[in-house]
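> What follows is each chain in one-letter form.
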Amino acid sequence: MNNLVKRAQRRDADAFTELMQSQMQNMYKTAWAMLRNNEDAADAISDTILVCWEKLGQLKQAEFFRTWMTRILINQCNDILRQRKKVYPVEEVRETARPSDEYENIEWMEMLNGLDEKYRMVMILYYVNGLKTTEISDILHMPVSTVRTRLSRGRNQMTSLYHERR
Amino acid sequence: MDDKNIVEMMQMEIRIPDIVQEKADLTYEQIRTERTYQKMKRRKINRNRRVLPLVAAVAVLAFGTTVCAAGYLKWSRGLQNEFEGTEEQRQMLQTEQIAAPVSPEKNSVTSEGVTVTAQQTIVTDQFAWLSFKIEGYDLEEGKEPCFDEVHVSIDGNDGISYTSHFYDGLQQDASGQFVYEDGTRAEENASGGVVERFAGQDGSLEYIIWINAVTNDEITLIDSTADVRFRNLGTVHKAAFTPDLDAEWELTIAMKGSDAVREASLSEPLGESGAIVKHVKISPISIQVDYAFAAQEFTIEATNGDGENIQTTDHTEPPLVYGVRLKDGTLLTGIMGGGAARRYKETDTYMTANTTRHILDTAQIDAILFQKAVPEQDGPITEENLYVVPIE
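Protein chains in written order, with our numbering: chain A, 1 to 166; chain B, 1 to 392.
It is possible that part of the hints are untrue.
Straight-line alpha carbon distances no greater than 25 Å define the calculated DSS-like cross-link-like pairs of lysine-lysine that follow [stated by the list, open to error]:
#1 A:K60 / B:K345
#2 B:K4 / A:K118
#3 B:K327 / B:K345
#4 B:K4 / A:K132
#5 B:K106 / A:K132
#6 B:K345 / A:K132
#7 B:K345 / A:K118
Label-pair restraints from in silico Cβ distances [what the hints assert, rightly or not]:
#8 B:I19 / A:N78: 15 to 23 Å
#9 A:S152 / B:S103: 46 to 54 Å
#10 A:N37 / B:D259: 43 to 51 Å
#11 B:R342 / A:K118: 25 to 33 Å
Quick caveat, the hints were computed from the structure, so don't treat them as lab data. Glycine included, every Cβ here is placed at the ideal spot set by N, Cα and C.
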């Protein structure tokens, strides 16, 4: 990936496309976990691609690309969320009509829905994006101790859900 | 269920919905045709640009100063929200030269009828906050203000870590509900969202920049100069920026600050964690801890749905700061804010530095609290889940 980053920094559009597309699973899962609908996730990802293209030259170390890109994506998602300010309490499950796309990913989404909202993003950033707890702390503007607490509780909750389904 | 199972479940391949991939493909195509990001944004913008009368901006300036006749610094709305504390504690930060007003005569720029004024700084050796007042911009009700671009450099170095935002007038009470500055419950709009109050009573807006220099050895915040450039002011909705004013505001702000801290050298092991607290530095708004700690790397391996090996690597961490105990026995917990950590593999040492969301009277602290374990149930962490490290 470092090679792709460096080529993209030299304004190689094909390398940039390949780079961003290689991150599409991570971007979509992160954006969907925050925004909970595909239309907003599409907007957030599209704008993230644009910002990354514009500012990739400022990234000094290619090995930090994923963290840098994730930070941009989260900022885009937060911009959308600030407009909605919707909070989904633990007791409630937001019932929406499921487009056929979401039906195909239902197993993954139901797993995610089983997690408390406050654990969800930390779990996504750690297990999907592969970020370290210190990086997550920086991106989500929360103390590392809070990140670790939420990771621990998120794991416990997933384990409980896993055993319930069996 | 172990970590391997969790990794497999979280990293399972899912189908990217058509709407997401199609929009991404369109974006890639536009990039390939050499259109720049700025041009692409302008295609989305509403060209209904408004220019506000200068008279309004001049009139509002009468309320722009933050230093009262008595010489005390009246904190900005947004920075009062950042740091919980009494008026005496806020004045203490000014006495310590951590918080300081900015002279509006030297740090105020007007362009297209809108005046941006640097009004207050809070500066330590690791963190800094800059507050700006924006006057003369008539924000439409229900809209969120936004600058198209914000650029910050310290002493000419633009490789700094910072975040920034318009203060939205919202706080959270003890039960977690959103309230306004006057304590009233925040209103909800038609779509169930919370109604923000970006404008103060005088109609001005506030913009806050937070700088984190913990992991940047090239930056010195104390007695430095911040160059801040704002470009184009408008509103944002769903990440789409709509400019109202094509304008630029550039300010140069002298940042004083203070690195005065209370320090303690220790050799305090934290239970069986393997971590030893060697040194603490406490300022009224931050805590740094240096540990002796041999972090262990670990890798979680799993196989995804395509049969590919996937790995997640991380390292163990020492117990982290959770708050302080005062000499009168009061526990201040859950006060830690953003910051950074550094691991030094060569010397098996570890450092964390975080802001505190509560102004601290450092002389009244008699112990640092570290989180021992994550309680099974949700809720506040009690002293049995904390390591208590007394400091002289």
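> For each hint, tell me whether it holds in the structure or not.
How the hints compare with the structure:
For the hint pairing A:K60 with B:K345, the CA-to-CA distance comes to about 22 Å; that is within 25 Å, so the pair holds. Note on B:K4 and A:K118: the hinted pairing holds, with a Cα-Cα distance of about 22 Å set against a maximum of 25 Å. Of the supplied pair hints, the one linking B:K327 and B:K345 is violated, its CA atoms being roughly 36 Å apart against a limit of 25 Å. Proximity of B:K4 to A:K132 is assessed by CA-CA distance (about 16 Å); at most 25 Å being required, the pair is judged to hold.
Pair hint B:K106 plus A:K132 does not hold up; C-alpha atoms about 43 Å apart against a cutoff of 25 Å. Pair hint B:K345 plus A:K132 holds up; C-alpha atoms about 16 Å apart against a cutoff of 25 Å. Pair hint B:K345 plus A:K118 does not hold up; C-alpha atoms about 32 Å apart against a cutoff of 25 Å. For the hinted restraint 15 to 23 Å between B:I19 and A:N78, the CB-CB distance of approximately 21 Å keeps it satisfied.
Distance hint for A:S152 and B:S103: a CB-CB separation of about 49 Å, consistent with the stated range 46 to 54 Å. At roughly 47 Å, the beta carbons of A:N37 and B:D259 sit within the given window of 43 to 51 Å. Between B:R342 and A:K118 the beta carbon distance is about 27 Å. The supplied range of 25 to 33 Å therefore holds.
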